[in-house]
Structures are given as C-alpha cells and as structure tokens.
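Produce the complete structure using the sequences and hints provided.
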Amino acid sequence: MREKLNWFHVAVLVYMIEFDVTAFSLARVTAENIGTNGWFALVLTSMAASINIFLYWAVYRIGKGQSFFQIMESFVPRGPLVPAYLGLAAFWVLLGSLIGKNFVIVSQMLSFQSTHPMYIFLLYCLLVYAMLVKDLYSIVKATTVFFLLSFWMNALVPYFLSDWKAVRLTPFLFQGSERAHSLQGWAEVFTAFVGYELCLFLFPHSDRKTKLFRGVLLGHLLISAAYVTTVFVTYGFFSFQQLKELQFPLINILEYLELPFLNRLENLVFMFFLFSNLVTTVMFCFASLSTLRHVFPRAKGKTLETVIVCLVFASGFLTKTVRESDEMLRALYFTEMAIAFGLPLLLIPMAYFANRKGRGIEA
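Heads up: the sequence shown runs through residues 1 to 363, numbered per the UniProt record's numbering.
Honestly, I wouldn't trust all of these hints.
Said to hold, decoys possible - With beta-carbon atoms standing in for the labels, derived distance ranges: (1) 111 <-> 157: 21 to 27 angstroms; (2) 149 <-> 321: 16 to 22 angstroms; (3) 214 <-> 113: 43 to 49 angstroms; (4) 75 <-> 170: 49 to 55 angstroms; (5) 229 <-> 86: 39 to 45 angstroms; (6) 161 <-> 310: 46 to 52 angstroms; (7) 81 <-> 149: 38 to 44 angstroms; (8) 130 <-> 239: 55 to 61 angstroms.
Unchecked claim - Derived pair list, reagent style DSBU-like, types lysine-lysine, alpha-carbon separation capped at 30 angstroms: (9) 134 <-> 64; (10) 211 <-> 4; (11) 64 <-> 244; (12) 64 <-> 165; (13) 141 <-> 302; (14) 134 <-> 244; (15) 141 <-> 300; (16) 4 <-> 209; (17) 300 <-> 211; (18) 209 <-> 64; (19) 165 <-> 244; (20) 4 <-> 165; (21) 4 <-> 244; (22) 209 <-> 141; (23) 134 <-> 302; (24) 141 <-> 211; (25) 141 <-> 244; (26) 300 <-> 244; (27) 320 <-> 4.
It is worth saying that the hints were derived from the structure and are not from the lab.
If you're wondering where the values come from, they're calculated on a predicted model, not measured in any experiment.
The beta carbon of each residue, even a glycine, is placed where N, CA and C say it ideally should be.
Next comes the structure, spelled out in structure tokens:
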C-alpha cells in the first residue's frame with residue numbers, strides 16, 4: 001500500500017516547484033512588462049493562480065479523487081488519447097530540461113566561467129535521475145530537506161532595509177511600460193507561478209486526511225509572499241530605470257550583502273538555488289513519468305526513468321546562451337499556462353458527466 005502525503009509535505013512541494021530560475025529576473029520582468037510598482041502585479045497574478053487552484057479542487061471533488069487518466073478515459077476511449085498523453089509527456093520533459101539548463105547557464109556565468117555548461121548540466125541530470133527513480137513520498141521527503149536548506153534566505157530581507165528608499169517606488173502605478181496593459185505583459189509575470197498545476201498528479205497519492213488543497217494553496221501563498229516581499233524590497237533598493245536594465249536583479253542585490261565569513265554571497269547562488277530548481281525539473285519529469293507509465297504499463301525496471309533523463313540531457317543542447325534559453329523557456333511557459341488553465345476546464349465537465357453516467361448505471 002502506497003504511503004499518502006500530508007498537507008505540510010504538499011505545501012513544501014508546491015513552494016519548491018514554483019521557486020525556480022524565474023526568481024532571478026522577476027523584478028526586471030515586472031518592471032519591463034508592468035511598469036512602476038510592478039511588484040503589485042504579483043499580488044494580482046497570484047490571485048489568478050489561486051482561482052486556477054480552485055478549479056483543480058473542483059476537479060478533485062467532482063471526480064471524487066480519481067486520477068487525471070481515469071477522468072479522461074471515463075469520457076474518451078483510451079486509444080485516441082495516447083498521442084495526447086505522449087505529447088504532454090514530451091512537453092513536460094522539455095520544460096523541465098530547459099528550466100534546469102537556464103539555471104545552469106546563469107550559474108556558469110557567475111561561478112563556473114571556465115567550465116562548459118553541459119558538463120554542469122550532466123551532473124544536474126544525474127541528480128534528477130537519483131530523485132526520479134524514487135517513489136513520490138521519498139521525493140517529497142527529500143524536497144522537505146531542500147526546503148529547510150533554502151527557505152532561510154527569506155530572512156536576509158532585513159539586511160537591505162538600511163539602503164531601501166520609499167521614494168524609489170514612486171507614487172505611480174503601472175506606468176512606464178509599453179506592455180503594461182497587454183495580455184503578454186501580464187502572462188510574463190504569471191510565469192513565476194507556473195508549477196502548481198502538477199497537483200493534478202498528486203490525486204492518487206492523497207486521501208481525506210491529506211487535505212491536499214490546503215497544502216497546495218498554502219504552498220502557493222507562501223511562495224507568493226516570498227516573491228512579493230523580495231520584489232518589493234528590490235523596487236525600493238534600485239531605481240525603476242535600473243531595474244529595467246539589470247538582467248538578474250536578485251543576484252545584483254545579493255552583491256551588496258557582506259557577511260563576516262563571506263565577502264561575495266552571490267558566488268553561492270548555485271548552491272542556494274540548486275535545490276529548488278532541481279525539484280522543479282524532477283516534478284515536471286515525474287508528471288511525464290506518470291503519463292508514460294500509464295501508456296506503457298509493462299515497462300520494466302527503470303527503463304522509463306532512464307529514457308526521460310536521457311531526453312532531459314539531450315534537450316539541454318537546444319540552448320547555449322541566456323537569450324536563447326529565455327526565449328525558448330518563455331514560449332514553453334506560455335504553453336504550460338494554457339495547459340494549466342485548460343485542463344481543469346476540460347476535466348470538470350468530464351468528471352461531472354462521468355458521475356451522472358455512473359449514477360444512471362447504478363439506478
């Protein structure tokens with residue numbers, strides 16, 4: 001009998017999934033796409049994500065805890081769904097891979113200039129494999145340890161308050177950006193919260209005692225608070241024009257922090273942010289693995305896990321620079337957002353009619 005998750009583990013998992021490489025440039029992204037006081041856009045986009053989480057809760061309740069595959073196949077025959085399953089599995093592998101590769105490229109620029117990024121990415125993929133071959137409960141336990149090793153960074157915020165100036169925030173709201181009122185601009189900001197939709201694959205690993213969506217919502221609100229606080233402090237630390245010019249404001253602000261035992265904290269970015277990006281990649285690969293296991297139930301040993309990690313590594317060759325990686329990752333994030341909003345809208349009526357059909361048969 002598989003061990004069930006509890007809401008605390010789910011909250012930690014969602015927090016770590018959403019906390020990925022987008023954090024480095026989030027302040028610049030809000031400044032470029034929203035304008036002055038763009039930090040407030042994170043509050044609004046977080047609310048939109050919370051509404052989307054509510055839709056997944058509706059799927060869970062109406063479907064009575066059935067898995068994504070059970071709901072789909074109660075309405076559509078399995079055969080026509082296989083190509084869609086394979087497409088989703090391939091997409092999630094690619095997304096997880098490029099999230100990891102983007103993080104590796106940034107880390108290589110900062111701390112490993114003489115090392116080829118693919119060598120670092122190979123080590124990253126080995127870590128992904130080491131986690132992916134475990135069951136979900138073991139992945140979550142490792143994620144909890146990673147959470148404790150990285151969450152303390154939020155306590156660094158008070159160190160920047162001495163140089164924080166309210167005047168830099170300006171009294172204007174969402175001004176100074178050509179894309180402040182465009183859907184693309186808001187979608188760029190929303191990419192920071194991509195990942196909560198993977199709760200769909202936690203349905204088979206939860207029961208009533210899990211309080212699954214208490215954990216999902218708490219984890220999402222926790223990372224939202226961390227993002228809003230960090231970006232708010234960054235807006236008061238740098239001027240608006242500086243924010244639009246800095247490539248990675250979060251790393252730049254860390255350069256101003258000096259500790260008695262460490263002169264340049266940003267040199268430890270790879271260590272501090274490795275865990276959260278690793279969890280993000282692993283969980284997108286887990287979504288792909290769950291899908292492939294459903295399509296190929298007779299796959300032996302760790303065949304599927306090995307294939308997935310090999311594809312993750314191979315996908316890393318698609319991008320060589322930060323610009324290439326950002327452009328491709330942006331397109332993938334937009335696609336994942338469409339999937340995140342579209343899936344529950346598709347599954348809710350399917351689950352509803354499947355329930356009515358079941359009641360009709362019983363009658």
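Here is what the structure says about each hint:
1. At about 23 angstroms, the CB distance of residue 111 to residue 157 agrees with the hint of 21 to 27 angstroms.
2. Here the CB-CB span from residue 149 to residue 321 is close to 30 angstroms, at odds with the stated 16 to 22 angstroms.
3. Between residue 214 and residue 113 the CB atoms are about 45 angstroms apart, so this pair conforms to the stated range of 43 to 49 angstroms.
4. For the hinted restraint 49 to 55 angstroms between residue 75 and residue 170, the CB-CB distance of approximately 52 angstroms keeps it satisfied.
5. For residue 229 and residue 86, the Cβ-Cβ distance of about 41 angstroms falls inside the hinted range of 39 to 45 angstroms, so the restraint holds.
6. Here the CB-CB span from residue 161 to residue 310 is close to 47 angstroms, well matched to the stated 46 to 52 angstroms.
7. A hinted range of 38 to 44 angstroms for the beta carbons of residue 81 and residue 149 is consistent with their spacing of about 40 angstroms.
8. A beta carbon spacing of about 44 angstroms between residue 130 and residue 239 contradicts the range 55 to 61 angstroms that was offered as a hint.
9. In summary, the hint linking residue 134 to residue 64 is supported, as the alpha carbons are separated by about 27 angstroms, within the 30 angstroms threshold.
10. A threshold of 30 angstroms between alpha carbons decides the hint, and for residue 211 with residue 4 the separation of about 11 angstroms falls inside it, so the pair holds.
11. Pair hint residue 64 plus residue 244 does not hold up; C-alpha atoms about 47 angstroms apart against a cutoff of 30 angstroms.
12. Note on residue 64 and residue 165: the hinted pairing is violated, with a Cα-Cα distance of about 51 angstroms set against a maximum of 30 angstroms.
13. With a C-alpha separation of about 21 angstroms, the suggested pairing of residue 141 with residue 302 holds against the 30 angstroms cut-off.
14. Between residue 134 and residue 244, the direct Cα distance comes to roughly 42 angstroms. Violation of the 30 angstroms bound is thereby established for this hinted pair.
15. For the hint pairing residue 141 with residue 300, the CA-to-CA distance comes to about 25 angstroms; that is within 30 angstroms, so the pair holds.
16. A hinted pair counts as satisfied when its Cα atoms are at most 30 angstroms apart, and residue 4 with residue 209 qualifies at roughly 9 angstroms.
17. Between the alpha carbons of residue 300 and residue 211 the distance comes to roughly 33 angstroms, so the proposed pair goes past 30 angstroms and is violated.
18. The hinted pair formed by residue 209 and residue 64 meets the criterion: a straight-line CA distance of about 14 angstroms does not exceed 30 angstroms.
19. Restraint check for residue 165 and residue 244: the C-alpha separation of about 18 angstroms stays at or below 30 angstroms, so the hint holds.
20. As the CA atoms of residue 4 and residue 165 are separated by approximately 47 angstroms, the hinted pair breaks the 30 angstroms bound.
21. A hinted pair counts as satisfied when its Cα atoms are at most 30 angstroms apart, and residue 4 with residue 244 does not qualify at roughly 45 angstroms.
22. Simply put, residue 209 and residue 141 have alpha-carbon atoms about 18 angstroms apart, close enough for the 30 angstroms limit, and the pair holds.
23. A hinted pair counts as satisfied when its Cα atoms are at most 30 angstroms apart, and residue 134 with residue 302 qualifies at roughly 10 angstroms.
24. Distance hint between residue 141 and residue 211 is fulfilled; the C-alpha atoms sit about 18 angstroms from each other, no more than 30 angstroms.
25. Under the criterion of a C-alpha separation no larger than 30 angstroms, the hint pairing residue 141 with residue 244 is inconsistent with the structure, at around 39 angstroms.
26. A threshold of 30 angstroms between alpha carbons decides the hint, and for residue 300 with residue 244 the separation of about 51 angstroms lies outside it, so the pair is violated.
27. The hinted pair formed by residue 320 and residue 4 fails the criterion: a straight-line CA distance of about 41 angstroms is larger than 30 angstroms.
Checked against the numbered hints listed earlier, the structure breaks hints 2, 8, 11, 12, 14, 17, 20, 21, 25, 26 and 27; every other hint is satisfied.
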